[in-house]
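> Starting from the structure of chain A, add chains B and C where the hints point.
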Amino acid sequence: MCFTTNFWPFLVQGLADGFLYALIALGYTLVYGVLQLINFAHSEVFMSGGFASYFVLEALIGTSQPHGMASVGYVAIGIGAGAFGGALVAFLLERVAYRPLRRRNAPRLAFLISAIGGSYFIYNLAGKEFGRNALEIPAPFLNGPAFTLFGATIQTDYVVVAICAIAMLIIVDRVVAMTRLGKGIRAVAQDAETASLMGVNINRVISQTFVIGGLLGGAAGFLFGLNFGVAYTMGFTPALKAFTAAVLGGIGNIRGAVLGGLLLGVIENLSVTCIGANWRDVVAFGILVAVLLVRPTGILGERLGRSA
Amino acid sequence: MSAPASMAAAAAASGADGDALVEVRHVTLRFGGVTSLSDVSFSQRRGEILAVIGPNGAGKTSLFNCLTGVYTPQVGEVLFRPASGTALSVVGTKPYKVNRAGIARTFQTSRLFNALTTFENIKIGVESRFSVGPLGSMLHLPHTRRAERESDAKVVELLEFVGLTERANTIASSLPYGDRRRLEIARALGTRPELLLLDEPAAGTNPAEKASLVELIRKVNTVYGVSVLLIEHDMGLVMSLAERLIVLNFGQIIAAGTPREVQQNPAVIEAYLGAPESDEDGR
Amino acid sequence: MTTISGEAVNHPERMASRSPAPGEGRYRALVRLSRNDDVRRFVISVVGGLVLALITGPEGNGVQMLSGINGALLHPHVFICLAVTVGVWVLITVRHHFARQVEHVSGRVMALPKAVLPDRRVRAGLWLALFAFAIIYPPTLNSFWQNVLVEQIGIYVLLAIGLNVVVGYAGLLDLGYIAFFAIGAYSDAYWTGMLPVHPPLHLNPFWVFPLAILTAMLAGVLLGGPTLRLRGDYLAIVTLGFGEIIQIVANNLQGVTGGAQGVINIPHFSVHVAGIKYHWGLSNLPYYYLILGFIVLALLAYFSLEHSKVGRAWTAIREDEVAAEAAGINTLKYKVMAFAIGASTSGVAGVIVASQIGFVEPGDFTVQLSILILVLVIFGGMGSLAGAVVGAAVLQWLPQFLRVHPLFGYNQLDLYIYFGAILILMMIFRPEGLIPSRRRRREIVLAEHGVGSADAMESGHSGGGLAAVANPEADL
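Residue numbers (the numbering used here), protein chains in the order written: chain A, -12 to 295; chain B, 63 to 345; chain C, 17 to 492.
Calculated from the structure, these hints are not laboratory results. The beta carbon of each residue, even a glycine, is placed where N, CA and C say it ideally should be. It cannot be assumed that every hint is accurate.
For lysine-lysine, the following DSBU-like pairs were computed, each having C-alpha atoms within a straight-line distance of at most 35 Å [to be verified]:
| hint | chain 1 | residue 1 | chain 2 | residue 2 |
| --- | --- | --- | --- | --- |
| 1 | B | K216 | C | K349 |
| 2 | B | K216 | B | K281 |
| 3 | C | K349 | B | K159 |
| 4 | B | K216 | B | K156 |
| 5 | B | K281 | B | K156 |
| 6 | B | K156 | C | K293 |
| 7 | B | K281 | B | K159 |
| 8 | B | K216 | B | K159 |
| 9 | B | K216 | C | K293 |
If you want the footprint, here are the derived chain A segments under chain C, 3+ residues with CB under 8 Å [said to hold, decoys possible]:
| hint | region |
| --- | --- |
| 10 | 67 to 81 |
| 11 | 102 to 110 |
Chain A with its partners taken away, still in its complex shape (with noise of 0.2 Å):
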């Protein structure tokens, strides 16, 4: 069978791509909870957390090659770096592109469209302020063979993505379920006005949605980074790859969001042993289609996303 030879590396891979995929669909998810809008912006979130953990690696590395307890440091400012970056940008976002929007009660379709404008706006201007090619980002860490399992050589990096990604999922997962925070987003999206009657300020609760949502997205394109370098277009693709594993999970809920990350990782990995690389991103949108015509609410998911 195509997908037995090789299975392993391929699993692993799809693992390490999975967390990734969880971390950006968590920043959908949870606007799309309070919010019932599909950020599309959020894809250039992931590439400004890209782009900041660029930057500070890059004043603070240079070409320097760390190791030991330096590399733990780096790798965790690394992330502070790109979760800072990510969360700004969500936090603009938000102000300009949306709150005035929500302002004068405008119809769905005009938040769609000015998602689009700030995602065309935000990438673009990227590419022309840092460039249209690829940059490297300084390795925080020596990188390398860390272990083997099953035959599937686990490379450092892959260890370090799951750990940190796993991290801050507990961490997302925990304040959600227990901080006055997390109540608070709960509490708008499962009824914005009676939360509001409640004492609950709204328009605080969105602000901090999008930033929890911008801290996860932009610290993902660091770990991206690390592998694939930054690019002024690295957003696109992965963005809508995690919103179908948002989608795939079961939008809304933030346990989807991981479960349909990782396997969409597994899966779409799993079949590049079958079909070639060549058409990974062909598997990856079919399962958004199908997922959006068979079964809206995905695999955790509430009812919703019919209309009528």
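Frame of chain A, contents of chains B and C only:
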């Protein structure tokens, strides 16, 4: 509620079986944990004006939604037997098809096409019965032009019928409240129904408008021969219009019969916590 | 997600009811200042000026890190930008504070147009004037502009008119519109025998038109059928995904579509009917008139459509889908119809371009182009034919004009920065577009006042939130 009482209610609800236009059989509708309608059965005779009453949250609008294919009940059947055309099982049929078969409805809060004029609103209802395609429209084929003329004529007729001729070119959103109700009825009539479902047609209207609405509904029944099923809270209106009543409470039929019978039914009185108020405004 | 049982989540903002501590007075004053609308707008205008400087500044070079930003912000150029944006702020603030006087003047200025424009004869006259201009003027242009007229303006006007049916009339957001264009172009390549796969018979490209129309419509129906049941945002993403898939497929299927290199040598148009013989060669003007012909046909057809039962059904669906269904309208059918009709226009455009340029490749069909066409329609005015024509013409003309007369540091590559900004600004300040359709303008104004919704994507309930199920007792 005791078993014999519910069976009696069910029996009274069916009326004389002979010429049933609509038969609702054992309809149960659930949403997650909430049971909206529970084993509802009744039938409506051709030409009858039947009213559904009950406290808020009793399931009345859900019933309408089941009757028009908007909701699909988990259990039960809804059979519609129009005089023109074949019998239709409403459950699982799309709303537009149910309308084509002959059931039209109005909504609790008038759902008009607000940016369009009165004339256009009614016209949309009327022309849904004409088969006109894009090609005909683009090429101005004679068939299409004839359909336009005929539908225009019908709209004018309906405007007169509901008394909105003066306001034909007013944008729907700027119509006074009572006129909005009339417009919705006119649009519904445009679709040539045999059964018209009116969801609280008089809610929020003042006594004068209410009286003229009663007149209008009666005219709909007598002039166009349309059977009417209406949800109402206003007992005065219900008493003056309805031949039979069905009382819903918590998704079940607790009583049925003539207005007089129902008013004296102890279960009904209990459900309403005393005598039903005779002037309850909309929401 | 669990329910919050009556617990206040944030303390509601309350003004402190205790005596102010020192320093707090200044803090309060600052807070008050930050809430002042004029101050806010000023800050925005300054930031906007900086952003404008960035946009109109030089290209950055990532390796030199912030060179682009430095180049833009540390240059006297930045003051010009700030002057512009702060100037706009001044105008807005004046307008805000002298609203009455401003209304008075603008009322007088707008009086004539407002009185005269709604008259049908005036509008018909304007269209005729435009048409006459479109026929007479082009031959006087130089070849660069004639080429622009064909490739940039003409084709995109046609595309905008087509997308207007989908987005403007039916309210469906199609982000993969360019896919139908691709289908038209590849159809042309196929039926003239230029693809690796060969057709049953070779056709003159002119006769490809009806086939391309049918193929595109079929694709529209096949794509639309299953997906148009989805709600607005989901539909947009699915169409986006579909557009991507088409491009990747075109790229990969070497044996069918010629792969990434594309198809070459597609023959130009020629007619040979009843003794009339005409061949479209390399000259631009004949293509322009061909496109103009199609534009006029499309305008006439879609105008009639808009004012027919179909057009009214689309409006009803946009306004209130549930009510439309209750009035006997098969909403899915009409949505698919809009999709297919829009697709056919795109297909026609594809055939024209394929035969005009003679060369087709997957790189021509990017998502970016779908979005460009969307920008054109929205800028011009969704649902308005005049809007689509004028909007497309203006937005396609402007970049070319700036190319020839570079003002203010305009750079070809910056185009989409401007388009992105235009989309956001349009949505905030003038969602009905440049030349709005009257109905649409009404819908938007009504929606802002909370009466009904301005598009079919609203499913009724209060903003925010995944209510698992709408209240069963309420209206859908």
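> Each hint needs a verdict: does it hold in this structure or not?
Hint by hint, here is what the structure shows:
1. Between K216(B) and K349(C), the direct Cα distance comes to roughly 25 Å. Compliance with the 35 Å bound is thereby established for this hinted pair.
2. Among the hinted pairs, K216(B) with K281(B) is consistent with the structure: their alpha-carbon atoms are about 17 Å apart, no more than 35 Å.
3. Taken as a hint, the K349(C) and K159(B) pair is honoured in the structure, with Cα atoms around 12 Å apart against an allowance of 35 Å.
4. Only pairs whose Cα atoms come within 35 Å are accepted, and K216(B) paired with K156(B) is accepted, the gap being roughly 26 Å.
5. As the CA atoms of K281(B) and K156(B) are separated by approximately 29 Å, the hinted pair is consistent with the 35 Å bound.
6. Distance restraint check for K156(B) and K293(C): the Cα-Cα separation of roughly 54 Å exceeds the 35 Å cut-off, and the hinted pair is therefore not satisfied.
7. Proposed proximity of K281(B) and K159(B) is supported: the alpha carbons are some 26 Å apart, at most 35 Å.
8. Using a Cα cut-off of 35 Å, the hinted pair K216(B) and K159(B) holds, with the two alpha carbons roughly 21 Å apart.
9. Note on K216(B) and K293(C): the hinted pairing is violated, with a Cα-Cα distance of about 52 Å set against a maximum of 35 Å.
10. Counting residues of the region 67 to 81 of chain A whose beta carbon lies closer than 8 Å to any beta carbon of chain C gives 0, which falls below the threshold of three, so the coverage claim is violated.
11. Under the rule that three or more residues need a Cβ within less than 8 Å of chain C, the assignment of the region 102 to 110 of chain A holds, with 7 such residues.
Hint compliance for this structure: hints 6, 9 and 10 are not met, and every other hint is.
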